[in-house]
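Colleague: Heads up, the sequence shown is in the numbering used here, so the first residue is 241 and it goes up one at a time.
Listed below are the simulated SDA-like cross-link pairs for lysine to any residue, each with C-alpha atoms no more than 25 Å apart in a straight line:
(1) K546 <-> A472
(2) K954 <-> E635
(3) K865 <-> V923
(4) K546 <-> L536
(5) K846 <-> R861
(6) K822 <-> S667
(7) K815 <-> T767
(8) K773 <-> E763
(9) K389 <-> N358
(10) K546 <-> M566
(11) K452 <-> I381
(12) K939 <-> S667
(13) K576 <-> G743
(14) K389 <-> L407
(15) K817 <-> E726
(16) K624 <-> A862
(17) K865 <-> R892
(18) K815 <-> R577
(19) K642 <-> N619
(20) K546 <-> N471
(21) K920 <-> L876
(22) K389 <-> Q370
(23) K773 <-> E539
(24) K822 <-> S686
(25) K939 <-> R960
(26) K452 <-> D404
(27) K642 <-> E858
(28) K546 <-> D503
(29) K576 <-> V523
(30) K954 <-> D638
(31) K562 <-> T521
(32) K326 <-> M259
(33) K865 <-> E641
(34) K575 <-> K773
Distance windows between CB atoms, simulated:
(35) L601 <-> S829: 31 to 41 Å
(36) Q491 <-> V730: 43 to 53 Å
(37) E466 <-> D772: 49 to 59 Å
By construction, these hints were calculated from the structure, which means they are not laboratory data. Glycine residues also receive a C-beta, built at the ideal position from the N, C-alpha and C atoms.
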Amino acid sequence: MEISRAGQLIYANPAAQEMLALSGQSDPQTALPLDSGSLFSVSEGNAKASLYREVRHNDLIWGVTACYAPEFDTVRLYYANITHLKLVESTLQESEQRFRSLFDNMTEGVALHRFIRNGASETADYRIVQVNPAYQRVLGISGDGVVGKPASEVYGTSEPPYLDEYLSVRQSGRPLSFETYFAAMDKHFAISIIPWGDDGFATIFFDISVQKRIEESGRRSLVFIETMLENAPVGITVYDGETGTCVLANQTIVDMIGGSVEDARAQNFREIESWQAAGLTVVAEAVLRDGAARLLEVEITTMFGKQVALDSSLSRFDVEGKPHLMIVSVDITGKKRLEEQHWRMEAQMLHVQKLESLGVLAGGIAHDFNNILMAVLGNADLAKMRLSPTSPACENIDQIEKAARRAADLARQMLAYSGKGHFVIESLNVNAVIEEMTHMLEVSISKKAVLRYNLAHNLPDIDVDATQLRQVIMNLVINASEAIGERSGVIAISTGAVDCDRGYLSEMWIDDRLPEGLYIYLEIADTGCGMDKETISKIFDPFFTTKFTGRGLGMAAVLGIIRGHHGAIKTYSEKGKGTTFKILLPASSSSESGAAVLLHEGEALKGSGTVLLVDDEETIRALGKDMLQFLGYRVLTAADGRESLEIFRRNRDDIVCVILDLTMPHLDGEQTFRELRRIKPEVRVLMSSGYNEQEVTQKFLGKGLAGFIQKPYKVTELGRKLMGVIAPERQQD
241 MEISRAGQLI YANPAAQEML ALSGQSDPQT ALPLDSGSLF SVSEGNAKAS
291 LYREVRHNDL IWGVTACYAP EFDTVRLYYA NITHLKLVES TLQESEQRFR
341 SLFDNMTEGV ALHRFIRNGA SETADYRIVQ VNPAYQRVLG ISGDGVVGKP
391 ASEVYGTSEP PYLDEYLSVR QSGRPLSFET YFAAMDKHFA ISIIPWGDDG
441 FATIFFDISV QKRIEESGRR SLVFIETMLE NAPVGITVYD GETGTCVLAN
491 QTIVDMIGGS VEDARAQNFR EIESWQAAGL TVVAEAVLRD GAARLLEVEI
541 TTMFGKQVAL DSSLSRFDVE GKPHLMIVSV DITGKKRLEE QHWRMEAQML
591 HVQKLESLGV LAGGIAHDFN NILMAVLGNA DLAKMRLSPT SPACENIDQI
641 EKAARRAADL ARQMLAYSGK GHFVIESLNV NAVIEEMTHM LEVSISKKAV
691 LRYNLAHNLP DIDVDATQLR QVIMNLVINA SEAIGERSGV IAISTGAVDC
741 DRGYLSEMWI DDRLPEGLYI YLEIADTGCG MDKETISKIF DPFFTTKFTG
791 RGLGMAAVLG IIRGHHGAIK TYSEKGKGTT FKILLPASSS SESGAAVLLH
841 EGEALKGSGT VLLVDDEETI RALGKDMLQF LGYRVLTAAD GRESLEIFRR
891 NRDDIVCVIL DLTMPHLDGE QTFRELRRIK PEVRVLMSSG YNEQEVTQKF
941 LGKGLAGFIQ KPYKVTELGR KLMGVIAPER QQD
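Could you put the whole structure together from the sequences, leaning on the hints where they help?
Modeller: Structure follows, in structure tokens:
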């Protein structure tokens, strides 16, 4: 449109009229917010000058360009609606401000880059175009000193850092994030790459070195904890409290229960049968329920077949609100075995003490009983010798002797129980004894029982009383037969040699601290009814029986005989499955097999000379005097050791033998023997006692004891003993 200097509208094209809504108006001052005077100021300068103004009209923004037309002295106005342009410009400015604010205030470092190509048009580096303030804070490099420089120069590296990663983003057009350790700065960074423009990229990065140090510390701590758990001397298992599955099991618990770590971690504690049987599952559920820790000792057979005793602590802990069960276990199997062994040895010791007490009692009773029987048998023997064989009294005397011999047999059993019976020791082979007894054993057992022999070859000899050993074998075989009863069964007799250490001997009845070494064993096993633990604990008690009322000492006598031979016995039995008795006897130290320690016997029983009889029992003195006189000897008697010494001093040249009782008041037999030897070193002393010969003679070994006779004895036995003791040259006609 064109206006005059006076401000009069001269011309407006249709577009101007429409845009400015000028229809019906001729005054541009009213149509437009323009000062015509200011418009004509454009004519004051260069004739070709123009003036640009932006004005608002009707909520629109107009760009007005005024050009002076000198030929007409008018101003031509060119209007353009720039409302949308100004809106876009404003939006761009706001966006630029927001970007700048974000760029400048980000805590992460930001850098814009352009790739640099070499002469071969290959990307060789990248240039830093722009960085934000955080760039310097994160990297410690001034932003002003890096803009426009290649990366390899800025970071002091021979190759531009991470060029391959940046190129992959340019090629794919997709962002990329990664973490890296940048050795040039000794720092860890998290870097995000974003495409920028046609040949550039932006990096957003931040220092994660502290986080990495924390992570590494956590990793080391985790490794430490895992190593500690794996190598802990206690077993550790952790179970999910909700599912029951195992989430952790260390090697120690696996060593305890068997299997592998994988096997252990495959378990669910609610499904472990051995836990349920031991009550462990119930305790575990209680711990999960109330959170209270509990201690528990259990003995279980694990699913891997191991029998183990555990001292376990059960506790609960929560992870992210989920309950977990932790069990810390100590293997106390060895401790339990030691406790059981200690208990067994203690029980055995108590039993030994009881047996010792009973043995002392039995030995004392048997000794006194033998003194009484000595009077009965001796007098019966003398009476019978003085009677006519046709006398009716002979039958009565025979009955007296028979009853007395039965009583003497009981006394021998009592002495056997006490381990102090009369033993005639000889070195022999146990197999030979068994083979001699074969027929006797077969006729003594039930017809339903079968004897089987498993006798080891070339066994060393043992020093035993053959009669006592036969009694032991017969007793055990008959017991085995009775245990089998009316059923068919097997009795197995086995022998062998075993080198016994202290641990093996400690499990035997009765150990008595037997020396370690070579022992010969005799084993008698049956397939009978067997015994329970309570019965086993009583079988060696005197007169105990599982049958009718006991008529003798039975197994107690067996035990006494074994003890008397410095041996041991062990019982294995299970109800309904049978019983095994294993006897240990020390191997003989002698190489001569079957060399008997026998007593000398003489042809003639009559003798002469003076015999001093010493005994504190008046009946024994009276009977002994009668026997000795019957045998032709002159007799002196003394009631105790002191009296005997006085008599011996007065008559030492006449006394050919002293029969000395072992147990007496004042001076006992051992003390009296020493004094007699002081008075006359060559004195012949025959020791008399109800105890066994081996035990008595052991006390006098190498001391000059002439012989031993066990009470009760008969006239003929006494005569043989005296003939063996008194030297032929001392016999008087």
